[in-house]
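Enquirer: Listed in order, the protein sequences are those of chains C and W. Just so you know, the first sequence maps onto residues 1 to 316 in the working numbering. Just so you know, the second sequence maps onto residues 1 to 319 in the working numbering.
Keep in mind that the hints were calculated from the coordinates and are not lab data. Values in this document were obtained by computation on a predicted structure and should not be read as measured data. For each residue, glycine too, the CB sits at the ideal point set by N, CA and C. One thing to keep in mind: the hints can contain errors.
[Claimed, not checked] Think about it this way: if two alpha-carbon atoms lie no more than 27 Å apart in a straight line, the pair counts; the simulated BS3-like pairs of lysine-lysine are:
(1) W/LYS28 x W/LYS126
(2) W/LYS49 x W/LYS28
(3) C/LYS40 x W/LYS126
(4) C/LYS33 x C/LYS43
(5) W/LYS126 x W/LYS49
(6) C/LYS43 x W/LYS126
[Claimed, not checked] Chain C is faced by these chain W residues, among others (derived, beta-carbon under 8 Å):
(7) MET30
(8) PRO143
(9) TRP153
(10) ILE154
(11) ASN239
(12) ILE260
(13) PHE261
(14) PHE275
(15) LEU290
(16) LEU304
In case you want the letters, here they are:
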Amino acid sequence: MAENFEKHSDISAADLARLNQEAQAEATPSTAKIIWNEFKADKPAMAALFIIVGFIAFVMIGALFINTPKMMETNIMDYFDKPFTTDFWLGADSGGRSVAKQLIVGSRNSIGIAIGLTVISSTVGICWGLISGYFGGYIDWGMQRVYDFTMMLPMLMMIIVLVTIIPHYNAVSLTLIFSLFYWEGTSRLIRSRTLAETQKDYVAASKTSGTSNWKIIFQGIMPNISSLIIIDTTLSFAENIGVETGLSYLGFGLPTQTPSLGTMIANANDPTNITLYWWTWLPAALEIIVLCLSISYIGQVLRRAADASQRQGAAD
Amino acid sequence: MWKTILRRLLIMIPEVILLSVLVFLLAKAMPGDPFTGSINPKADPAQIKHLMEINGLNDPWYQQYWNWVVHLFHGNLGNSYQYQEPVTRLIEGRAGNTLWLAFFTMILTYAFALPLGVYAGRHEGKLPDTIIRFYTYVTFCIPVFVILVLGIWIFGYVLGWFPTTGSVSSDAQTWAQTVGSRFYHILLPSLLGALFGTVNIVQYLRSEVIDAKHSDYVRTARSKGVPSKDIYRHHIFRNSLLPIAAFAGYSITGLLNGSIFTETVFSYPGMGLLFVNSISYRDYTVITALVLIYGILNLVGTLLSDIILSIVDPRVRIE
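In isolation and in its complexed conformation, chain C is listed as follows:
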């Protein structure tokens, strides 16, 4: 074939290579490439990305070097030690426990639960929305009624009640309880996009050529709405950080011996703590804010990357 081509064509090999290169350059860049360009064009986004990735890596690795049960032992001699002293660079809490170490282990726990929750609830929500939107009819009707019903439940109260019913819960069961309620937003969004996507020609073409429904859903429609999925997952990750920390703040999340950003902020419930011993809770509160803002900023950049008219990164 190639020999034939060379024999009968008057285009030289060099020209061919150049033409190929030009075609490559003109072709639509891949999603990953677009997103990377967008991050390169937006310096704050790059900073946010590095903060998030670096911080998560830091707490995940750092927590490995901390002996949690030993850290949670009370030591009355260090009762409310001030920050920036020799032993405790963020001070100590009412039990003489180091705030800095608690912050690292607590971040690991809180972020870990947020990641687990995001993975489970997004997977359920995406599948739910895809199936409901694709099949329509009675399947859609039934799934929508289930959705309506769970939307009606007072989410926070149900979670608290479930946590009190389960006798021995840990981080895993806690994540599963949260996941029961947090798939809804995603499923609604994915369903409405799938409804629109199902009307398109490529779906009809696949159907007539006999492709199985599951193949159309997961290999046809899902890749086409992948940008929406990426954005939604990022933003729900930012929101999910608030879920576990909020519950732990109220006292219904992780048990007291397991540090979490929420239990640290709960130190502020005591009127003396909140003013006199601010270092026991303020770092955790600020950390949540920085984390949420960074993740949400990355979400904004991804949203821009998905919408060609808003892109800032040059598509070269």
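Here the structure of chain C is known, so what remains is to put chain W in place on it, guided by the hints.
Expert: Just chain W now, with coordinates in the frame of chain C:
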């Protein structure tokens, strides 16, 4: 129109029944029994057994459920173990506080969000729009309880501008003083809640205004020589207002869920704080009643929004 509302109401009935069954079963699954706390520790186990028998606690669950529902329709939600008084009276005393706080927060939210949304849409892409979009981005994902804790620390404790606990000060004597003190107590929580709860309305209104700017009726109004100010005030704003009004129902549900955090942070004696306390004391009758009430309020809020939306926008009517 009426058909839509009727259909919506009919769908509600099985939902309420399911909710009540779920709440009942959850209450059954909680550890302990209804006599915990009301009998003295030296009570004879046989006597407890007798009490269980008399109160029908050994019946099958569907029969117990039926009895519970019958009591419910007679307005009897049982007694609270912690406070030793009827649950209905207990909740009556707290519901007012919660609803008053939620209502005021909602008014403030709309008061902030409406001008911001229209202003951002009107000056799309310019500096005010950028600032407002930055504001919505900041308030979008920060968990509310963190903001409340920081708010009570700065404005309540450090600066001392606002009360940090309770719903009314004890030295308020006259009617005017009581109302004033109540208002003073809810001002900080509702201000914080409103400032950090505008995102949805602002973003919706902004895109609505941007769409409307390029629509035919606005172009007609412009060509007639209607001043720009009047176009925004009378044409665009009015058209965008109704769907926004429909959000009210949804925001009620959001505010009620949020009340658990707000009331805990501000030690504000409403239903949310009552719930948290009841959980700590394992006060099951109160917990069951509150979950049921919140569920029904959620349902009514959603119903309200759906009905307003279907009046405003015929496309969303259920077929």
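Enquirer: Could you run down the list of hints and mark each one as holding or not?
Expert: Hint check:
The hinted pair formed by W/LYS28 and W/LYS126 fails the criterion: a straight-line CA distance of about 58 Å is larger than 27 Å. Distance check on the hinted pair: W/LYS49 and W/LYS28 sit about 17 Å apart at the alpha-carbon level, within 27 Å; holds. Distance check on the hinted pair: C/LYS40 and W/LYS126 sit about 24 Å apart at the alpha-carbon level, within 27 Å; holds. The hinted pair formed by C/LYS33 and C/LYS43 meets the criterion: a straight-line CA distance of about 17 Å does not exceed 27 Å.
With a C-alpha separation of about 74 Å, the suggested pairing of W/LYS126 with W/LYS49 is violated against the 27 Å cut-off. Among the hinted pairs, C/LYS43 with W/LYS126 is consistent with the structure: their alpha-carbon atoms are about 21 Å apart, no more than 27 Å. With a cut of 8 Å, the hint placing W/MET30 at the interface with chain C holds, because the nearest CB-to-CB distance is about 6 Å. Hint status for W/PRO143 relative to chain C: holds, with the closest Cβ pair at about 3 Å, below 8 Å.
Because the closest C-beta pair between W/TRP153 and chain C is about 5 Å apart, less than 8 Å, the hint holds. Annotation: interface hint on W/ILE154 violated; nearest CB of chain C at approximately 10 Å, more than 8 Å. Interface hint status for W/ASN239: violated, as the beta-carbon distance to the closest one in chain C is roughly 23 Å, over 8 Å. Of the supplied interface hints, the one on W/ILE260 holds, with its beta-carbon coming within about 5 Å of a beta-carbon of chain C, less than 8 Å.
A least Cβ separation of about 7 Å between W/PHE261 and chain C falls short of the 8 Å threshold, and the interface hint therefore holds. For W/PHE275, the interface hint holds, since its Cβ comes within 8 Å of a Cβ in chain C; the closest pair sits about 6 Å apart. With a least beta-carbon distance of about 7 Å to chain C, the hint placing W/LEU290 at the interface is held under the 8 Å criterion. For W/LEU304, the interface hint is violated, the least distance from its beta-carbon to any beta-carbon of chain C being 13 Å, above 8 Å.
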